[in-house]
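**Student:** The residues making up each chain are set out below.
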Amino acid sequence: MRQLYRYHGGIHPTEHKLESSELPSKSAPLPSRLILPLHQHIGNGAKVEVQVGDKVLKGQMLASAQGMISAAIHAPTSGTVAAIEPHVVAHPSALDGLCIHLVPDGEDRWMAHAPLDFHSLAKRELLDSLRAAGIVGLGGATFPTHVKYSLTPEQRIQTLVINGAECEPWITTDDRLMREHAAGIVSGIRVLQHLSEPAEVLIGIEDNKPQAIAAMREACAGSDIEVMAVPTLYPSGGEKQLIRILTGKEVPSGDRPTSIGVACSNVATAYAIHRFVDHGEPLISRQVTVTGNVRTPQNLEVLIGTPLAEIVRLAEPLPDGTGYIIGGPMMGLHVDELDAPMVKATNCIIVKSAQLFPPAPPAMPCIRCTRCAEVCPADLQPQELHWFAKARDFGKAQEYHLFDCIECGSCAYVCPSHIPLVQYYRFAKSEIWQREQELQAAEIARERHEYRLFRIEREKQEKAERLAQKEKAVQAAKPAVATPLPVAAPADADPNDTLQMRVDADIARANMQLRIDAAVARAKEQAATAQPRNTEVLTPQQQAEIAEIEARRAKIREMASHAGADDEPPKQS
Amino acid sequence: MRSSPFISTPASVSQIMLHVLVALIPGIALYVWYFGPAILVSITLASVTALATEAVMLKLRKRPLRPFLSDNSALITAWALALSIPSLAPWWLVVVGTAFAIAVSKHLYGGLGNNPFNPAMIGYAVLIISFPAHMTQWLAPHLAGHVELGFIDQLGYIFNGTLPAGTKLDALTMATSLDTLKTQLHLGHTVNEIREMPIYGYLAGKGSEMVAIGFALGGLYMLYQRIIYWHVPVTFLVTLFAMAGIFHLIDPAHHVAPLFHWFSGAAMLAAFFILTDPVTSPTTVKGKVIFAAGAAVLTFLIRTYGGFPDGVAFATLLMNICVPLIDAWTQPKVFGHKGGGK
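Residue numbers (the working numbering), protein chains in the order written: chain A, 192 to 764; chain B, 17 to 358.
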């Protein structure tokens, strides 16, 4: 038996999976209109390849991948492109996104499509075809799959991890998918195996899904793929957490799993790859759980672009709904109205009710009980991060590794003071991002301004030199004639040819040189002290204080790194 | 609009604090059993004062009354303080100590969750510095053969300062076991001689040792309920035991056995109820260990060499000062980072 590893923390929220996991999944009927956002994945939005009025076939590419990190979008059914205009999308910003609006013709007519003999393709070609097929990670992050598996020759993959943990409460799409399409998932895994050439393939499934585990084990029987039942614990389905559980390795902060020889994809992604490779179908539909305050919670196979409201209607929502969650209750997005369409990332729609999702009691102050730190899967100190975010001490928040927070919500789930902790972290992160952007913009503006000053000075200098040359030439031409010195030049004289002008030119040259020197010195100085903005104009006393504080902090950091370094190598940063 | 997560545990601050209050009950019950019901009077007095002060301060700070008055935190301060001062203390002593604890050491620092010092221990420190005489009049336990005072007479003394005719305060009260030990050692007696005195029981002071056991039972209940973590009580008690044990082994005539330290004074109360106060103790595991060990060392040193009979309050306050530093020093390794620290 292979050894499983633990990560720190985790929680056991009520699962609520049985509501939707026991009904076989059904295909949703063709909707009256499909709305396809161009930005359904991490990276660049797709580039529109059709025009309003175009008739398209099912599976036809509507928008192509733009740049490396992007993915194509396809027509989920045959019909007419009715509009290309902004529409509400499921995004925390609540902003509209550009969408292709497709009116189905009801014929559901496929374009010519055929299975792909991936073994005969070069890896690069296979990756390009995945990119063109719009395949992205369906576990939630929608990271384009072809990017994940574009490995450099140095990147050797030891373990291919297939994520079937599905740790969020309420969601059962992967569960149903594994029960119903285990063989398909396995043939999708074969493609990923071909791409990454791992020494081992591990499928991690939480042990609250015994039927899925059994189905996958059966499908993998006699193969080199191992199906691992992992203890049910939220957020074991987090990529870094599942990798830790199955391999004992920690993905370094800010790095991708490939840096430690691991590739990780979701079971739904593997299934989408199977549909593409074995049937020639691009990613045009996916499974989604509709559950919560509905009469028949269930899983549906839904075309991408289907209005969410139509999907929910199929499960018959009960009257006392209080809004919806798109995604799971731990990391999903609350919307009051279901105006947005289904996208590749949508794995669950939960209809809320006051009984199932009672509003959180008003927040109390933090009492430092550290229940949050106890459950944090990233070993963070959420109570400290909360404190720093609240105090807008973003430097400190970053020092305490704010950006290692995966926003799993475990801290807020256990908080007895009901503090919306994740909201604080999102706020702090976006503030930091914004500041960095502003800083970058300011930096660019400064450079541009300095360049402009430099250019003006250079032009002046050039002009002055030209004048000097000309004057010299004139002087050489009439040496015998003494030129009067007066400021007012004779009306007939060349206005350039006066002493005053020469003096002016000299002064200008000298001034310009001084200014250029000063600008260069200023630029150097700023480059040297470029970090925090408020250290530009300081008294020597303030500078001494800062130096002292910095020394103390460095010492504390050093001590802290020693304190934690009993069994680990010292921090190398 | 709220953002994720949309579910949470039903746990609440007031429920956690309620568990702490429940955990104090065994100790209080044994207190009543051995020393009479006067302690209930001071607990009630302290509770009323705490809530009233809390309400006034919330009003002054323009904070909502209801959520904070019902969070039970003021009651913990009140009960812990009442249990730390003599039960026969005059009413105003309880009121002054509690009001100071709540108004100054809690609310002037920002209220619940923001106070750097344990409010009950601040209240105790203020009282023992300002009214040392009143703070040493501990009721003798029933079993010590002292004159006993009925409940009505106890009330009379607490509120009026009057005693029944023919009764003298000296006959009713005594110094604590730690105080007596210190005085007697100064007088040149050995530990063995002192321990023969009638005020001592099996482990430490008669009666008070049983109350300490009651606190320990309550502490176990809180550990079981996961209200507190084991790191602080275990480290505190082990360190105190080790300190006392070393001194006892070197010089048994002048240093009592480690168990005496455990069951004397406020050691058990501190181990489970005072040092575990999450607001005023470190948040990291390593920090908790350092904090509790430091408190134990200081407690032992103050008890052995200091001017005050018990060292728990000052040890706690001194360690409270160090909490931010301890926390900063003991940041644990974060997932995906090498080594520890920041």
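Do not rely on the hints blindly, as some may be mistaken.
What the hints assert, rightly or not - If you want the ones that stay clear, here's a sample from chain A, every Cβ over 12 Å from chain B, calculated:
#, residue
1, G518
2, I597
3, C602
4, R637
Said to hold, decoys possible - Cross-link-like lysine to aspartate or glutamate pairs, in silico, DMTMM-like; alpha carbons within 25 Å at most:
#, chain 1, residue 1, chain 2, residue 2
5, B, K349, A, E741
6, B, K302, A, E371
7, B, K349, A, D570
8, A, K620, A, E653
9, A, K587, A, E634
10, B, K302, A, E634
11, A, K217, A, E345
12, B, K349, A, E590
13, B, K354, A, E345
Unchecked claim - Covered stretches of chain B (chain A as the covering partner; in silico rule of three or more C-beta atoms under 8 Å from a C-beta of chain A):
#, region
14, 193-207
15, 264-275
16, 293-307
17, 340-352
Worth flagging that the hints you see were computed from the coordinates, not collected in a lab. Beta carbons: idealized from backbone N, C-alpha and C, even for Gly.
**Student:** Which hint numbers doesn't this structure obey?
**Tutor:** 1, 2, 3, 6, 8, 10, 11, 14 and 15
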